[in-house]
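Chains as they are written, first to last, in the working numbering: chain A, 1 to 341; chain B, 1 to 1093.
None of these hints come from the bench; they were simulated from the model.
Values in this document were obtained by computation on a predicted structure and should not be read as measured data.
Just so you know, not all the hints are guaranteed correct.
Unchecked claim - Derived EDC-like pairs: lysine to aspartate or glutamate, alpha-carbon spacing no greater than 20 Å straight-line: (1) A/Lys22 with B/Glu265; (2) A/Lys131 with B/Glu1012; (3) B/Lys779 with B/Glu265; (4) B/Lys844 with A/Glu30; (5) A/Lys131 with B/Glu957; (6) B/Lys608 with B/Glu651; (7) A/Lys35 with B/Glu957; (8) A/Lys25 with B/Glu1012; (9) A/Lys25 with B/Glu651.
What the hints assert, rightly or not - Just a sample of chain A residues kept apart from chain B, beta carbon distances all over 10 Å, derived: (10) Thr27; (11) Thr39; (12) Glu78; (13) Tyr90; (14) Thr240; (15) Ala241; (16) Asn270; (17) Lys279; (18) Phe296; (19) Ile321.
Ideal Cβ placement from N, Cα and C applies to all residues, glycine included.
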Amino acid sequence: MATSTAGSSDPSTTRRQSKKPKYSKFTQQELPACKPILTPRAVISAFLIVTIVFVPIGVASLIASHDVVEIIDRYDAECIPSNVTDKVAYIQTPGEKPCKRELHVEKRMKSPIYVYYQLDNFYQNHRRYVKSRNDDQLRDSGKANSVSGCEPEDDANGMPIVPCGLIAWSLFNDTYSFSRNSNNLTVNKKGISWKSDREHKFGSDVFPKNFQNGSIIGGGHLDVNIPLSEQEDLIVWMRTAALPTFRKLYGKIEVDLEKGDVIQVNLGNNYNTYSFSGKKKLVLSTTSWLGGKNDFLGIAYLTVGGLSFFLVLAFTIIYLIKPRQLGDPSYLSWNRNPGGH
Amino acid sequence: MSINNNMIDVLQDQKWESIPWKKLQVGDIIKVKQDGFFPADLLLLASTNADGVCYIETANLDGETNLKIRKALEKTWDYVTPEKASEFKGEIQCEQPNNSLYTFTGNLLIQKQTLPLSPNQILLRGCSLRNTEYIVGVVIFTGHETKVMMNAMNVPSKRSTLERKLDKLILTLFATLFMMCFIGAIGSAIFVNKKYFYLHLDSSEKGSAQFNPRNRFLVFLLTMFTLITLYSTIIPISLYVSIEMIKFIQSTQFINKDLCMYHSETNTPALARTSNLNEELGQVEYIFSDKTGTLTRNLMEFFKCSIGGEVYGNGVTEIERGLAERNGMKIDENKSANAVQERGFNFDDARLMRGAWRNEPNPDVCKEFFRCLAICHTVLPEGEESPEKIKYQAASPDEAALVIAAKNFGFFFYRRTPTTINVRESHVEKMGKIQDVSYEILNVLEFNSTRKRQSVVCRYPDGRLVLYCKGADTVIYERLADGNTNNNIKKVTREHLELFGSAGLRTLCLAYKELHPDVYESWNEKFIQAKSSLNDREKKLDEVAELIENDLILIGSTAIEDKLQEGVPACIETLQRAGIKIWVLTGDKIETAINIAYACNLINNEMKQFVISSETDAIREVEDRGDQVEIARFIKDEVKRELKKCLEEAESYFHSLSGPKLALVIDGKCLMYALDPSLRVMLLNLSLNCHSVVCCRVSPLQKAQVTSMVKKGARKITLSIGDGANDVSMIQAAHVGIGISGMEGMQAVMASDFAIAQFRYLADLLLVHGRWSYLRICKVVIYFFYKNLTFTLTQFWFTFQTGFSGQRFYDDWFQSLYNVIFTALPVIIVGLFDKDVSSSLSKKYPELYMEGIKNVFFKWKVVAIWAFFSVYQSLIFFYFVSTTNLSAKNSAGKIFGLWDVSTMAFTCVVITVNLRLLMICNSITRWHYISVGGSILAWFIFIFIYSGISTPYDRQENIYFVIYVLMSTFYFYIMLLLVPAAALFCDFVYQGVQRWFFPYDYQIIQEMHRDEVDNTGRAQLLEVGNQLTPAEARSYAISQLPRELSKHTGFAFDSPGYESFFAAQLGVYAPPKAWDVARRASMRSKPKIGHKK
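Just chain A, with the same shape it has in the complex (with noise of 0.2 Å):
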């Protein structure tokens, strides 16, 4: 042991003069690795894989969207009577403004069946309609008085107002019963909003307070008994949406319905948006296990597996006609043009 480090020390002296670099697989540059050359065999596999992957999956969804039955009804324009002609004046006169519509079954639907409704050109996405809300007064009872980011919908007459902001005040309140030869399907309105949002975000014990009591009235009222955590309603309409054009879940209908039924709607038209000509459709649809009627996954899917398959044909046929050479010294550029300048 005593010899050996004897033996070392001398060496180890003139290797810290020595100022040459330690070899190590990261200073040279050595690290192991694995090169990818994207030739032509392996392009034409990757879109033979993607083609066997794609082609499948977007059946599959087309078939799941196929299966989906949907009854989509505008009404906005006919739930006005032919007589008025200032529509925003006659939606805003407060009362019973009821409307019916047929609804015609072309295929049978299985319960559940689930109702939405669908606004159009409303921008639940406004910067100033998205942050006007204040979680922690949806949350907390004691926090009724937090209602930074609500304005102007933050009090009324000095009273801050439970739920404040915009989201709410603008809440929709178009009602909808439904009859199938004149027997009422009822609809079910619990279970309609996200768990999460029920259970955490909006509190059990937090109930309306000095809600709609302001000089201008946006939308729905809220029933003052009811903590907001079971205004469901509610709930569903403050998730806001993503684009000017979305729906909300309304309830579902829990009896299936037959092809060539007709369905009476009474529609309570309430809501207001004739001001800034916004649709209203009334949907019903049933759902599969990817969600509601949506072709587009299918369509896209079958696109890139459709798209990747002709490549592979049209590769394949350009590699088997006039294929190039891996590794050919002839394209080289300074092989191409020699002594070119």
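Here the structure of chain A is known, so what remains is to put chain B in place on it, guided by the hints.
Below, chain B without anything else, positioned relative to chain A:
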């Protein structure tokens, strides 16, 4: 700087005291010892040599290897000892500090006398003292006022061209940002309308001004600012940080620690002194190289000779070796056992050694050859008179090499007296016999640049009178006697001279002549007359010399190798193949410069050479007339005419495809006029068309001017490499400055951006590190551009859907962390590890470097292609994901809100952008996988935590539970597969098609070597080992040399001459020799000084 802490002896109270350089003050009297550097510009007072003469080496200033002579004023000769020096009292009046190395005007007021001072008394900082025990001098200029420092330019802060282009890209991005904001703000001003009652736009609470329809202009302005903050992610701020980080690691870890650039002899690793310019190394198109110390070792070795029509010497020069290797042959250096290796002598041929020459076909010629070497020179022996211990003091290393050669052949010159030369001759009468012979030296006809020869008339002990002459082949051949045998030798020797010359060897012809005593006596009278004449002495001496230097008999020729640094020709060849043009800028003479250009394979006989020199008869004639204005005008016209002629010729060659390669040789004086703004364009046009350019006799400032001419005029990326103080300004002027480290002077290294120990490491530095850096930085920049543009554009598309309100698509935290965490690390990994082909392949295919010169990877076209795919991808991200909005997304019929959609989009962006990175990688290490995987994982971990907690802080809990909501739907996973695949689809097609149909060079190389394992240890390139015997190798190498008859025979020799060199010994007045460049100029002022004395 450590250099200023060197100690120097200063006179204090009649004693020499050591103080550091930095404490020196003007007026101090200091002592500089032999081989010491002058710490400041000094006025030479006295020298230990008689007559106040001292010898200095100026290699640091002008690269010249021969010593220069400086002579103190007679009045001050005595101030050698401290006691005496302390009595020195005087006043020096001189010009303001300036940068002209070759001029000085001033007066010394001493003892009420005014003595004029000339450059001859000035010792410049940067030079060193040689062959003189010590000198005493007065400090005139110190520090930044010294002439060397005045030649240095302000240290420029250098930024790489790529970074400057990056600035333009950033500006473009700013413009894009502004455009986007402008569009958004206009949209916003149009959108705001009271009809959207749910937005309550008519209210007048605080902060409502932003959307107040009554003041749309204000809406426009305020939205503008909102959008600027919203889209600010388009500016890749973290790019600069990342690039700095990458470059720092590249330079400290890769360049500094590269074993391939470690020079074990001098224990010097490469050193990157700045990390700014790594990628600039990958785009260099012009290299400006100093000669001495950079290309050459400043070491002359006797290498070959031709005696009586027979070539001796088996050595193979670097250039020959390079030629042979190119033809697939490997030449082994098989030194025979009796080869003598000595500094100055690298000659291996048993036929001449140890008296073996007696058995050669013409031993008498050999004898004359050796005697000529031993006698005809101006070398001083020093030290013990034994062959092993003796030291020769020679004015030029060439001379020393010749005398050393004579010594090794058995003609040992060991003593010189003013009238004799003593030579110990071996094997002359018979083998093994040694005898001392004393030759009486009767006349010395000294060397100068017009005569290009040097002769000695000596008397043998037996009374025979012989004139030995050595000089340039042109002048010797003119003076040879006619005769059959002589003619034959002349012809053969001429061929040999050409062979030597094209191999880059410096040649001298040797000749002799027997003199009849009567002829000699009559001539000697004329000689003495001429020597004692007062005016036009030199001219008269030259004329007299002509009378006797005729009817010579040719003995043979010598070939001296100006020893190149190791691997220089091979490196130059590699760099030229890489599309880099190499210019040699040297302070040396035109012949030497051309010679080295040959040796380095920069010029060969197949090239068309344009020589623009001021050493023509016409110019000389005008100069002799002495009218400065006239001289300037004449030279300018001459230069203009020459330039025009050359340019026309060059263009005619340029148009014909198969024309020869062009080379330009120009000297400093012509360059001075050619750099004039009116001729500059012509010079630039001509030189850019030339394959190689050699500028000789250039001052440090001219070096810088040439460099900046190419840098600014041609807008090419330039690199300067040098080792001495004279290269500093050129190093600073170029885009990239490289200093040669590991030698004495540090000025070049201190001014440089990179320091390497050997010229040949340039290949590694440029072709490997530079190229990789360039590729990597390009990728990093482009990728940053892409990822930020893509990300911001999704935000931009969203703006259209929100009534231009400036609502964020992504949560604040997503947006902030996008650049910092989710996409930061992988791109740095690419910047560090990506390499297209291995380092050995980079050097094997130097042509790959041209991609960098052409800036293939960071053109606007490339940017546009990436921008296109960026737009495409962002459209996919936004519109594919936002289709999600409408219908139900799970079987429970529930609908996604804004934050669900945006989180999904963000997830897609993060995944796609990271995968896109993998697609640009040429080599994927496990760090790539870790960083890319890690980044994606980091996003998921972050979002799991971020959406899982609800904090008590006042924040909008928009993201609460979002990811869990998303992950509870099939839809999310289906989208996660679709969106990245669709987004990358086009990129993949593009890459596939590009590689298939329009492959880059590096891609072809990759394919050619795809099956090779990247073997570690950077194995040298395959060398086809064709073993040859030395003789075969020699004949092969010779046969490979160009056979074409050329003018170039490799003469390059300089010596300050006998008279001035031995003035001290002989006590004879010697006309002071000015700096060579200023020789002619100083000639006119000389008589003045002479009269004073």
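For each hint, the structure was consulted:
Proposed proximity of A/Lys22 and B/Glu265 is supported: the alpha carbons are some 17 Å apart, at most 20 Å. A threshold of 20 Å between alpha carbons decides the hint, and for A/Lys131 with B/Glu1012 the separation of about 60 Å lies outside it, so the pair is violated. Annotation: proposed proximity of B/Lys779 to B/Glu265 is violated, straight-line Cα distance about 38 Å (limit 20 Å). Restraint check: the Cα-Cα separation between B/Lys844 and A/Glu30 comes to about 17 Å, which is no more than 20 Å; the hinted pair holds.
For the hint pairing A/Lys131 with B/Glu957, the CA-to-CA distance comes to about 11 Å; that is within 20 Å, so the pair holds. The straight-line distance between the Cα atoms of B/Lys608 and B/Glu651 is roughly 12 Å, inside the 20 Å bound, and the hint therefore holds. Distance check on the hinted pair: A/Lys35 and B/Glu957 sit about 45 Å apart at the alpha-carbon level, beyond 20 Å; violated. A distance of roughly 18 Å separates the Cα atoms of A/Lys25 and B/Glu1012; the hinted pair therefore holds under the 20 Å criterion.
As the CA atoms of A/Lys25 and B/Glu651 are separated by approximately 50 Å, the hinted pair breaks the 20 Å bound. Not every Cβ of chain B is farther than 10 Å from the Cβ of A/Thr27; the closest lies at roughly 4 Å, contradicting the non-interface assignment. A beta-carbon of chain B is positioned within 10 Å of the beta-carbon of A/Thr39; the least distance is around 7 Å. The beta carbon of A/Glu78 is kept farther than 10 Å from every beta carbon of chain B, the shortest such distance being approximately 21 Å.
Non-interface status of A/Tyr90 relative to chain B is upheld: no Cβ of that chain comes within 10 Å, the nearest being about 15 Å off. Distance check for A/Thr240 against chain B: the nearest CB is about 5 Å away, which does not clear 10 Å, and the non-interface claim fails. With a least CB separation of 6 Å from chain B, A/Ala241 falls inside the 10 Å interface cut-off, contrary to its annotation. No beta-carbon of chain B comes within 10 Å of the beta-carbon of A/Asn270; the shortest separation is about 14 Å.
The claim that A/Lys279 is not at the interface with chain B holds, since no C-beta of that chain comes within 10 Å of its own (minimum 13 Å). For A/Phe296, the non-interface assignment is contradicted: its Cβ lies about 5 Å from the closest Cβ of chain B, within the 10 Å cut-off. Every CB of chain B lies more than 10 Å from the CB of A/Ile321, the least distance being 13 Å, so the non-interface label holds.
Going through the hint list in order, the structure does not satisfy hints 2, 3, 7, 9, 10, 11, 14, 15, 18.
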